[in-house]
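Each chain, written out:
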Amino acid sequence: MTAIGAKPAAGAQMEPVPMAIGLILTLIIIAAAFVLTGSSMAVALVGIIVGGLLIGFGVHFVPVGGAPAAMGQAPGIATGVAMLAAGAGLAGLFGGAWAAELGFAVAIAGGAIGGGLMMAITCMMVTLIYVYGMGIPCASGKVAKDPISGDTQTEFKSQGTEGHGLPFSSYVGGVIGGILGGAGGTLIYLELLHIYEDKLPVILNAGIPAEVKTVAVSLAGIFAIGMFLVNAVLAAYNITGTTEGPADPKFKRFPRDIVASALASAVCGIVAIMIVL
Amino acid sequence: MEHVVFGIGVTALAGTLAAVAGAAENTESDIGSQGDPNSQVQLAPQMGYIHRIFNKAIAGEPPAYGLWCALGAGLAMGFMLLQYNPVLAIILGSALTVLVQGVYATTAYLGRIASLSKFGQPVYVDILKSMTTVTMAHAFIAIFTTVAICYLMNAALGHPFPLPLLGLVWGIALGAAGSATGNPFYGKERQYQLQKFGAGVPIAASGNIVRYAEAGQRNSLDNGWFSAKLGGPASGICFGLIVFLELWRTVIFEGIGAGWGAIIVGILLILVFTIIDRYIEVWARKTYGPYAKPEEAKS
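As they're listed, the protein sequences go chains A and B.
Heads up, the first sequence is in my numbering, so the first residue is 596 and it goes up one at a time.
Heads up, the second sequence is in my numbering, so the first residue is 42 and it goes up one at a time.
Simulated from the structure, these hints should not be mistaken for laboratory data.
Every residue gets a Cβ at the ideal spot worked out from N, C-alpha and C, and that includes glycine.
Incorrect hints may have been included.
Unchecked claim - Just so you have them, the derived chain A footprint on chain B, three or more residues with Cβ under 8 Å:
| id | stretch |
| --- | --- |
| 1 | 63 to 70 |
| 2 | 92 to 103 |
| 3 | 128 to 135 |
| 4 | 297 to 306 |
| 5 | 313 to 326 |
As the list claims (entries may be wrong) - Covered stretches of chain A, going by a simulated chain B footprint (3 or more residues, C-beta under 8 Å):
| id | stretch |
| --- | --- |
| 6 | 657 to 664 |
| 7 | 719 to 729 |
So here's chain A without its partners, still in its complex pose (with noise of 0.2 Å):
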């Protein structure tokens, strides 16, 4: 067993209590929000939360091995968990940005496809990196079979390693977590546009509304992509260094992120509607 190998002796257990004290704070800003703003702003901050939850789960589902893939000593992308995951929903957000014109499910699917491509061409970038640039195949460590192709993995992994490259459900765990990531940017920039784009005109005093809708995209953008950095912060804190993604038994963890990105989402989302009433 290698440090690499061994298994976490803390931070894998679920605690209830403060699971549910999690959940109660966030029904509580939820409720708060509701009393002090209306039932529109409400059902805004719920999908603000809703977006929260999809860049927390997708993170899960990014493989990345830090710095032993760069080495080849352990299975992955060699970056880290937020900063990957981050340029796939923000490249996914800019295709969602893009298509919001053209309607809520447009813009939703135009964002989760964007943050996929990006996902997809950079994990084939990283086996063809690998396999033609440094003669490795791809091998789990974590799997003696890989769960969707069913290729054993064990007798390819070279000696003194934990495996190396992008097996192939690590692969498709990359670009599910793209197109969460995407279309969770992409949702809390779509409610918190519509807010800014609603209630800027009344607080600016300008008379058309075009003349705020530059600062509204740009406010609506800053906060999607800080609410976006929060996510997947706090999702690389509950994986902790490296995974293989959905194969991996790390993956397990998420319903605790769930709890954490939902609070977290709730007070960043409260804190964006705010600042326009």
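Given the structure of chain A, go ahead and fit chain B onto it with the hints provided.
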């Protein structure tokens, strides 16, 4: 029709700029050891291997490039508001941003290496002087091309995000694509060049990075030369494909089916890349392995 042709031209130009941005970004980060292999550069002196490798990793590539591209885009927008020509504004914005990157690189190198003094690792002033300017030059190319892409997206293709916000989004995406693609090539193939080709670095070898070049001690300019041969261009292709295909599917197919055309094309592209990935994975399994019989590996 003219609008579509114009869009295709802008998309092609943005894709080309993105390819250059990705290649420059990865080479810059490898010269500065800013990606994940920085852990080995930092670990080496602690294991008794004193080196002359540059290390400016106090932030990951995505947040660092998010900052620099947002700053470059913000400054460029400011110059444009002062009625400067957009090309000149982008150049000036990028040049001023590179000064910030230079300060970052200097303080980061001094901080990281000074922390290793207890292990006998010296701060080499000649390394600081020669490497910092080279990373600044590469960073200028990466920032200039990325801000130019953002300007094209905003001014020519009509994306609603303002220039600094686009700089932040695409700076983070640039860093993510460059570090994901380029890090393994720098980490495994360069820092551990003496380890066997076609295998991961055994964990027991951690810290034993290659410190000598053909003549004298290796420094990060040698590493930049090596990365520019494959890691950099591969990162460029990665970021170029991301930018080009994202714009291409939107510009050409968004008008079909009230926006659903671009989404369907996006799904098809994901499937195509999935098939390519699976083909490469299976090809590697057939060509390189297995290294042991399944029974032996399990035992």
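Hints and how they fare:
1. 63 to 70: Violated - the stretch 63 to 70 of chain B has 0 residues with a Cβ nearer than 8 Å to chain A, which falls short of three.
2. 92 to 103: This one holds; 3 residues, not fewer than the three required, reach chain A with a Cβ under 8 Å.
3. 128 to 135: n = 0 at 8 Å, threshold three: violated.
4. 297 to 306: holds (count 5)
5. 313 to 326: holds (count 10)
6. 657 to 664: holds (count 4)
7. 719 to 729: Since 11 is at least three, the answer is holds.
In this structure, the earlier hints numbered 1, 3 are contradicted, and the remaining ones agree with it.
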